[in-house]
Amino acid sequence: MAKPSAGKIVRKKAGQIPATSPEELARMLAIPDESIDLTDIPEQPAGGRLTRDEAGRLPVRPSFLRDAIAAAMAERNMSTYALWKEAKATCPTISETAVGEFLKGKRQIGLAYLETLMTVTGLTVVPKSALSQKSTGKTVG
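Residue numbers for the sequence shown follow the numbering used here, so the first one is 9 and each next one is one higher.
Since the hints were made in silico from the structure, they are not lab data.
Just so you know, not all the hints are guaranteed correct.
In silico DSS-like cross-links for lysine-lysine, where the CA-CA straight-line distance does not exceed 25 Å [claimed, not checked]:
no., residue 1, residue 2
1, K114, K96
2, K114, K136
3, K112, K93
4, K96, K112
This structure is a prediction, so every number in the text was calculated from the model and none was measured.
Please build the complete structure, drawing on both the sequences and the hints.
Printed below as a string of structure tokens:
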């Protein structure tokens with residue numbers, strides 16, 4: 009008789025699983041509850057649970073990059089479809105659904121897609137130090 013290969017799914021009905029022996033039950037009941045160390049599990053902050061709105065939707069996570077892309081789209085009077093069409097020219101794997109759901113806050117996207125959307129909308133990332141030097145007139149060097 010051949011042995012089942014490793015990783016193969018074995019299906020059994022409840023009646024095929026042997027009952028737990030009285031010795032095994034006694035052993036499990038003898039384990040005190042206090043022996044479980046919970047100190048490495050962080051406490052959840054009060055009110056840390058997400059709450060849904062009246063329609064049952066989860067709240068949108070704030071994202072300054074998503075907000076910047078949406079603002080740049082508004083300045084250019086660009087639709088989500090137009091953004092996707094331009095992005096697809098440089099990143100053929102980006103889907104229209106991914107762009108739309110990202111802009112609605114329902115989905116996160118990877119760095120490659122984010123960089124593509126930023127390039128299409130003309131956005132760049134600038135370090136805060138460069139902004140503070142520009143506003144104060146200071147130069148480095």
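Taking the earlier hints as the rules, which of them does this structure contradict? The structure breaks only hint 2.
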